[in-house]
Amino acid sequence: MAAKIQFKTEKKSGWVSGYDFEKLLFQVKDNIFSNKQALTIVIQAKSNAPINTIIRLLNVANQLDEKGVKVTLDFSGKTNRLYGYCETMGFIECLSDNVVVKNNSSIKKVGKIKKSGNSYVSIHCISGSVHDKELPKALARKITENIPEINENQRQELFTQFFSLFSELTRNVCEHSKTELNGFAALQVYKNNRAEIVVCDSGIGLLESLKSTFEAHNKKYKDFTDKELIVEMLTRGISSKEGDQGGNGLCTCFHHAKLTNSDMHIRLNDSYYHFYKVADKPKLVDSMKVTNELLELSGTFISFAVPFTK
Amino acid sequence: MKQNENVISLKKIFEENSLEGIGDDEGKLVFDKLVFFIDKKPEYKIFYISIKGVIFDASFAREALVRLAKRYRKQKGICLIDATSETLRLNILAPVLSLEQPMPFYDGDLFDHIKSDKIGVPSKTNLPIFKFVFDNGITSASEVAEHLDYKVNNASTKLKSLYEDGFLLRVEDKSETGGVEYKYYAIK
Chain Y
47 MAAKIQFKTE KKSGWVSGYD FEKLLFQVKD NIFSNKQALT IVIQAKSNAP
97 INTIIRLLNV ANQLDEKGVK VTLDFSGKTN RLYGYCETMG FIECLSDNVV
147 VKNNSSIKKV GKIKKSGNSY VSIHCISGSV HDKELPKALA RKITENIPEI
197 NENQRQELFT QFFSLFSELT RNVCEHSKTE LNGFAALQVY KNNRAEIVVC
247 DSGIGLLESL KSTFEAHNKK YKDFTDKELI VEMLTRGISS KEGDQGGNGL
297 CTCFHHAKLT NSDMHIRLND SYYHFYKVAD KPKLVDSMKV TNELLELSGT
347 FISFAVPFTK
Chain P
240 MKQNENVISL KKIFEENSLE GIGDDEGKLV FDKLVFFIDK KPEYKIFYIS
290 IKGVIFDASF AREALVRLAK RYRKQKGICL IDATSETLRL NILAPVLSLE
340 QPMPFYDGDL FDHIKSDKIG VPSKTNLPIF KFVFDNGITS ASEVAEHLDY
390 KVNNASTKLK SLYEDGFLLR VEDKSETGGV EYKYYAIK
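From first to last, the protein sequence lines are chains Y and P. Be aware that the first sequence starts at 47, since it is given in my numbering, and climbs by one per residue. Be aware that the second sequence starts at 240, since it is given in my numbering, and climbs by one per residue.
Since the hints were derived computationally from the structure, they do not count as laboratory data. A quick note: this is a predicted structure, and the numbers were derived from the prediction, not measured. Mixed in with the good hints, there may be bad ones.
A few chain Y residues that face chain P, going by a derived Cβ cut-off under 8 Å, partial list only [what the hints assert, rightly or not]:
1) R187
2) T206
3) E214
4) R217
Distance condition first, Cα-Cα at most 25 Å in a straight line; then the derived BS3-like pairs of lysine-lysine [said to hold, decoys possible]:
5) P:K291 to Y:K183
6) Y:K148 to Y:K54
7) Y:K179 to P:K272
8) P:K390 to Y:K329
9) P:K267 to P:K315
10) P:K357 to Y:K266
11) Y:K179 to P:K267
12) Y:K268 to Y:K329
13) Y:K323 to Y:K268
14) P:K267 to Y:K287
15) Y:K287 to Y:K265
16) Y:K188 to P:K291
17) P:K354 to P:K313
18) Y:K69 to Y:K273
19) Y:K183 to P:K267
20) P:K354 to Y:K329
21) P:K309 to Y:K287
22) P:K413 to P:K354
23) Y:K287 to Y:K266
24) P:K354 to Y:K327
25) P:K291 to P:K315
26) Y:K113 to Y:K327
27) Y:K273 to Y:K329
28) Y:K179 to P:K250
29) Y:K323 to P:K357
30) P:K313 to P:K280
31) P:K357 to Y:K327
32) P:K250 to P:K267
33) P:K251 to Y:K183
34) P:K284 to P:K315
35) Y:K323 to Y:K69
36) Y:K179 to P:K291
37) Y:K327 to P:K363
If you want the ones that stay clear, here's a sample from chain Y, every Cβ over 10 Å from chain P, calculated [claimed, not checked]:
38) P182
39) A262
40) S317
C-beta atoms are modelled at their ideal positions from N, C-alpha and C, and glycine is treated no differently.
The shape of chain Y in the complex, shown without the other chains (with noise of 0.2 Å):
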C-alpha cells in the first residue's frame, strides 16, 4: 500500500499548521519508503494553510521525488480553496517535474495580481549557487508595498527588517546548502497586521554545515547540544568560516525577531525549534520548544512570522 496523508486538521478553522502538517508526515515515514515508495498527499476541499505549511509541501513534495519516492498532490473537490492559492504565488510551477497534480478544481488562476483574500502571496525559487542581490530588495518591497495605512517611516524601516532577514537567509542557501535542488523564498503578508517569510533548501542543513567545521576550526562547540548550538548561533553567531568572517546572519535575524516580537521556526533534518515571541522571555531558550518526531528531511527550513506593530 502507498502511503496516504489526508492534509487536514481537526481545527475548526481548517488551517492546517506546519506543526500539524509536520505531525501527519510523522504518521506515515516508516510507510514512505517501503513498498511502492510512494506518497498521495489528499487534500481536502476545505483545508487552508498558510505559506509556512504550503513551503514545506513543495520542499518536501520535492525531496521525496529526488529520493526516488511517487508523490502525488491530490487536490479533492470541485472548488478546492488551497488549489487556487497555489496556482496563484507559483506553488505548481515550483514542484519537480516528476510530482503529480490531481486536480478537478474550478477555481482559475487568480491572475497576475498575487491576492488571495485579504492576503498577498508569492514565491520564488533560490538557485544553490548563484546568488540574485537583487531578490532581497524586491521581495521587501513586495511585502511593504503590500502594506496599507503606515507612514513612510514605518514602511522604510519594514522594508530594511525585510531586506535584512532575506539577505542573510537568502545568502545561508547559496553559501551552505550545496545542493542542485532548488530552495525556496516565500512570503506572504496579511494587511495591517503581519508578514511571514520562509527561505529554506534541500540541503545538508545548518547543524551539519556547521559540525563539519569543528575539527578544524570550530572545536569548542564540539561538546554542544543541538539545542545549545541553535542558541549560539542566535545569540552570539557562530561562523562556520575560519576566523572572524562570518556567523553574523542568523544572530542578526535573531536580533530583528526581538526587535518587533516575532516567531521564529526553524526546521533541520530531524528536529523542529519553535521561538514564540521572543521578546517576551529574557532568556531565548525560554522561548524555545523542539520537537524532535519528524520525518527526516534534508536542509534548512527557516520562517518568520514579524507583526507589523511592536
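Using the hints, position chain P against chain Y.
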C-alpha cells in the same frame, strides 16, 4: 568636529560602484575605498561615515564598517552619522559583538554606541569616566581623578582600558614634571 574633509558618504560610494549593500565582497570593496580615503588625510583623527540613504546587511557592515573601525583602533576614530534607522543599526550589532569593536554613532544630535545590554558600551565601572571625557573634551588622568574622586593611578588605568578597548583616542603631552602625560578624548 565634523568637517567636509573627514565626512564620507556611503551613498556616494554605493552609487559610484553600483552596490546593493549585500555581502562581504561588497563590504571588502568599500573597506578598501574607505582606507584609501582615510590614509590620504593623516591630519584628521576622527572620520565620520554617513549612512544616510543606504541599506546594507550584517556581512557588509562587518567588512566595511566594523572591521574598518577595528583596523584604526587606537590610531583614528570611526563614527557613523545619520544613523537614524534603528532597524539598520541592528545590522551592525552582530559584527560589533563578534569583532568586539565599539561603533559610535549619531542619530541626529543624539550620540550612542551600537550596543546590546552590556556589550558595545564601556563597562559599568568605566562608564562615568567615558562620560566625563565625552563632556569635558581632551582630558588627563589627573583631571579625571580630581573631578571623579579617583586616585590618579586608578584613573590612568581606567582611561587606558577605554583606549585599548576602542572607546577613546589619546595624544601624548608633556606633564608639569617634564615626563610624558597622555590626554584622552572621545570618538564623537
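_Satisfaction of hint between K327 of chain Y and K113 of chain Y, Cα-Cα up to 25 Å_ = violated (40 Å)
_Satisfaction of hint between K315 of chain P and K267 of chain P, Cα-Cα up to 25 Å_ = Satisfied, since the Cα-Cα distance of roughly 19 Å is no more than 25 Å.
_25 Å Cα cutoff - pair K250 of chain P, K267 of chain P_ = Holds, at roughly 16 Å.
*Does S317 of chain Y sit more than 10 Å from chain P, CB to CB?*
The assertion about S317 of chain Y holds, with a minimum of 24 Å to chain P.
*Has the given pair, K251 of chain P with K183 of chain Y, been kept, meaning a C-alpha gap of at most 25 Å?*
Distance of about 19 Å is within 25 Å: holds.
*Run the C-beta distances from P182 of chain Y to all of chain P and say if the shortest one exceeds 10 Å.*
With a cut-off of 10 Å, P182 of chain Y comes too close to chain P, as the shortest Cβ separation is near 7 Å.
*asked:* Hint validation: R217 of chain Y versus chain P, beta carbon distance must be below 8 Å. Holds or violated?
replied: At 6 Å from the nearest chain P Cβ, R217 of chain Y passes the 8 Å test, so the hint holds.
*For the pair supplied as a hint, K390 of chain P and K329 of chain Y, confirm whether the alpha-carbon distance does not exceed 25 Å.*
violated (39 Å)
*asked:* Check whether the Cα positions of K273 of chain Y and K329 of chain Y lie no farther apart than 25 Å.
replied: holds (14 Å)
_Given the hinted pair K188 of chain Y and K291 of chain P, is their Cα-Cα distance within 25 Å?_
holds (23 Å)
*Can T206 of chain Y be said to touch chain P, with a Cβ gap under 8 Å?*
Hint holds; T206 of chain Y Cβ to chain P Cβ min 4 Å, cut 8 Å.
*asked:* Please verify whether K69 of chain Y and K273 of chain Y have alpha carbons no more than 25 Å apart.
replied: This hinted pair holds, its Cα atoms lying about 21 Å apart.
Checked against the numbered hints given earlier, this structure breaks hints 1, 8, 13, 22, 26 and 38; the rest are met.
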